[in-house]
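Chemist: Below, each chain spelled out in residue letters.
There are 2 protein chains.
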Amino acid sequence: MLKVIAQDFIKPEFVDAVTPLHKELVEKTRQEERCVSYDLFIDQKDSGHFVFIEEWPDRAALDAHCATEHFARLVPLINKHQRKDGTYILMDSFTA
Amino acid sequence: MLKVIAQDFIKPEFVDAVTPLHKELVEKTRQEERCVSYDLFIDQKDSGHFVFIEEWPDRAALDAHCATEHFARLVPLINKHQRKDGTYILMDSFTA
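Chains A and B are the protein sequences, given in the same order. So for the first sequence, the UniProt record's numbering puts the first residue at 1; every next one is plus one. So for the second sequence, the UniProt record's numbering puts the first residue at 1; every next one is plus one.
If we strip away everything but chain A, and leave its shape as in the complex, we get:
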C-alpha cells in the first residue's frame, strides 16, 4: 500500500478557474482501475491550498496514474495558475 499527499498552491484569483480542472482530475482518476482512493481537500485557512490524499496498491499504479491522458493534460493546466511549486510525499503505513 502506498499513501500519497500532493499539495497544490493556486493564485487566489485563479481558484475558480481551476475548479473544473480539479473536478475532472478527481473524477477521471477515481475511474482508474488501480486507484484505491483519491480525495481532494481545501485548507480551511487558505482557499488556494489544495491537498490530494491518495492511496495506490503500489508504485507502479501511481506511475501509471501520472502517465494517463487526464493527468498529462490537466496537471499542466492547473499548474499554470500556481503561486509556488506543488509538493508531494510518498508514505508507508506505520506499523508498530
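I should point out that these hints are in silico values taken from the structure, not numbers from a laboratory. Take the hints with a grain of salt, since some may be wrong.
It does not matter which identical chain is used: a pair holds within one copy or between any two.
List of simulated lysine to any residue pairs, SDA-like, C-alpha gap at most 20 angstroms [what the hints assert, rightly or not]:
id : residue 1 : residue 2
1  : LYS23     : THR95
2  : LYS84     : LEU2
3  : LYS80     : SER93
4  : LYS45     : ASP85
5  : LYS28     : PHE94
6  : LYS45     : GLY86
7  : LYS45     : PHE94
8  : LYS23     : ARG73
9  : LYS84     : GLU27
10 : LYS23     : SER37
11 : LYS45     : GLN7
12 : LYS11     : ARG59
13 : LYS45     : CYS35
14 : LYS84     : ALA60
15 : LYS23     : GLU69
16 : LYS11     : GLU27
17 : LYS45     : LEU62
18 : LYS45     : THR95
19 : LYS84     : MET1
20 : LYS23     : LEU77
21 : LYS28     : LYS45
22 : LYS80     : ASP92
23 : LYS45     : THR87
Following the hints, complete the assembly by docking chain B onto the known chain A.
Modeler: Below, chain B alone, put in the same frame as chain A:
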C-alpha cells in the same frame, strides 16, 4: 466532516523511542467515540517524518481529542524528541 493532516519531525536517533508512544496514541485515539479515522504514515524519504491523516465529524470532536488524557500525556513525550516544530492543516472536502 473535518480532515486533518498533522506532521511530526523526530530526530533520527529517537525514532525507535517514539514508536511505542505513536502506537499508543493511535490505539487510544481510535477508541474515541467521535473519531472517524486516525491513521499514521511514514515518509518513504525520511523515517523521522510522521504524518497523521485524521477524520473527525466536526471541530468539537477534534478539540475533545486534544483534551483527552492520552493526547495530553503522549504528545509532549513525543515532542521532546522533535527536530523541528510539527505542523497541522485543517481541511474541508472539495466539492465542485
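Chemist: Please go over all the hints and tell whether each is borne out by the structure.
Modeler: Here is what the structure says about each hint:
1. In this assembly of identical chains, the alpha carbons of LYS23 and THR95 lie at most 20 angstroms apart only when taken from different copies (8 angstroms versus 33 angstroms within one copy).
2. Within a single copy, LYS84 and LEU2 get their C-alpha atoms no closer than 26 angstroms, and across copies no closer than 26 angstroms, so neither meets the 20 angstroms cut-off.
3. For the homomeric pair LYS80 and SER93, neither the shortest alpha-carbon distance inside one copy (33 angstroms) nor that between copies (23 angstroms) is at most 20 angstroms.
4. Proximity of LYS45 and ASP85 under a CA criterion of 20 angstroms is satisfied in both settings, with 19 angstroms inside one chain copy and 19 angstroms between copies.
5. Taking the shortest alpha-carbon separations for LYS28 and PHE94, only the inter-copy value of 15 angstroms comes in at or below 20 angstroms, while the best intra-copy value is 29 angstroms.
6. In this assembly of identical chains, the alpha carbons of LYS45 and GLY86 lie at most 20 angstroms apart whether taken from the same copy (17 angstroms) or from different copies (17 angstroms).
7. Taking the shortest Cα distances, LYS45 and PHE94 sit within 20 angstroms of each other only across copies (14 angstroms), while inside one copy they are farther apart (28 angstroms).
8. Only within a single protomer do LYS23 and ARG73 lie at most 20 angstroms apart by alpha-carbon distance; the minimum there is 13 angstroms, versus 41 angstroms between protomers.
9. Proximity of LYS84 and GLU27 under a CA criterion of 20 angstroms is satisfied in neither setting, with 25 angstroms inside one chain copy and 37 angstroms between copies.
10. Taking the shortest Cα distances, LYS23 and SER37 sit within 20 angstroms of each other inside one copy (15 angstroms), while across copies they are farther apart (24 angstroms).
11. Within a single copy, LYS45 and GLN7 get their C-alpha atoms as close as 14 angstroms, and across copies as close as 17 angstroms, so both meet the 20 angstroms cut-off.
12. For the homomeric pair LYS11 and ARG59, neither the shortest alpha-carbon distance inside one copy (30 angstroms) nor that between copies (27 angstroms) is at most 20 angstroms.
13. For the identical chains of this complex, LYS45 and CYS35 are neighbours neither inside a copy (29 angstroms) nor across copies (22 angstroms), given an alpha-carbon limit of 20 angstroms.
14. Taking the shortest alpha-carbon separations for LYS84 and ALA60, neither the intra-copy value of 28 angstroms nor the inter-copy value of 33 angstroms comes in at or below 20 angstroms.
15. Proximity of LYS23 to GLU69 under the C-alpha cut-off of 20 angstroms is restricted to the intra-copy arrangement: shortest distance 15 angstroms within a copy versus 41 angstroms between copies.
16. When the C-alpha separation of LYS11 and GLU27 is checked against a cutoff of 20 angstroms, the pair qualifies neither within a copy, at 23 angstroms, nor between copies, at 39 angstroms.
17. Proximity of LYS45 and LEU62 under a CA criterion of 20 angstroms is satisfied inter-copy only: 16 angstroms between copies versus 29 angstroms inside one chain copy.
18. Taking the shortest Cα distances, LYS45 and THR95 sit within 20 angstroms of each other only across copies (17 angstroms), while inside one copy they are farther apart (32 angstroms).
19. Neither within a single protomer nor between protomers do LYS84 and MET1 lie at most 20 angstroms apart by alpha-carbon distance, with minima of 29 angstroms and 28 angstroms respectively.
20. When the C-alpha separation of LYS23 and LEU77 is checked against a cutoff of 20 angstroms, the pair qualifies only within one copy, where the shortest distance is 13 angstroms, while the shortest distance between copies is 41 angstroms.
21. For the identical chains of this complex, LYS28 and LYS45 are neighbours neither inside a copy (28 angstroms) nor across copies (29 angstroms), given an alpha-carbon limit of 20 angstroms.
22. Taking CA atoms no more than 20 angstroms apart as the test, LYS80 paired with ASP92 passes in neither setting, with 31 angstroms inside one copy and 24 angstroms between copies.
23. When the C-alpha separation of LYS45 and THR87 is checked against a cutoff of 20 angstroms, the pair qualifies both within a copy, at 18 angstroms, and between copies, at 13 angstroms.
Hints 2, 3, 9, 12, 13, 14, 16, 19, 21, 22 from the earlier list are contradicted by this structure; the remaining hints agree with it.
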